[in-house]
Amino acid sequence: MESLLNFLVRGLVQYPEQVQVLAVPRRPGSGEHGAPNWELRVAPEDFPRVVGRGGRTARALRALLEGSYHAVGGGGYERPGLNIMDPEDDGRPV
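Residue numbers (this note's numbering): 3 to 96.
These are calculated hints, taken from the structure and not from any lab test.
Built from N, CA and C at the ideal position, the CB exists for glycine as well.
Heads up, a few of these hints could be off.
Unchecked claim - Across the chosen pairs, the derived CB separations fall in these ranges:
id	residue 1	residue 2	range
1	Asp92	Tyr17	14 to 22 Å
2	Pro89	Ala65	22 to 30 Å
3	Val74	Glu47	26 to 34 Å
4	Arg55	Asp91	31 to 39 Å
5	Tyr79	Tyr17	30 to 38 Å
6	Glu47	His72	32 to 40 Å
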């Protein structure tokens with residue numbers, strides 16, 4: 003999944019060398035214990051492009067991630083997470 007995210011996002015951005023995809027543990031008590039969670043960090047100039055107008059690109063990335071997770075045998079109702087970190091707002095997720 004990490005390589006899929008890298009491939010997709012690097013194709014969208016102007017500075018592909020600054021794309022970072024990090025696997026992170028789920029928050030305790032968030033349910034969905036087995037599903038993976040990722041943080042995505044990009045250059046400040048690329049952030050609007052990755053989020054997209056009205057969040058459309060971010061939703062599309064999450065949908066592709068979820069579909070791929072289930073296609074390779076990811077469990078039942080679990081949903082993988084993708085946090086796109088805002089470089090302008092101290093790295094808070096969007």
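Here is how each hint holds up against the structure:
With their beta carbons about 20 Å apart, aspartate 92 and tyrosine 17 fall inside the hinted range of 14 to 22 Å. As the Cβ distance of proline 89 to alanine 65 is approximately 23 Å, the hint placing it in 22 to 30 Å holds. Valine 74 and glutamate 47 have their C-beta atoms about 33 Å apart, which keeps the hinted 26 to 34 Å range intact. Evaluation of the 31 to 39 Å hint for arginine 55 and aspartate 91 yields a failure: the beta carbon distance comes to about 19 Å.
As the Cβ distance of tyrosine 79 to tyrosine 17 is approximately 36 Å, the hint placing it in 30 to 38 Å holds. Between glutamate 47 and histidine 72 the beta carbon distance is about 33 Å. The supplied range of 32 to 40 Å therefore holds.
Checked against the numbered hints listed earlier, the structure breaks hint 4 alone; every other hint is satisfied.
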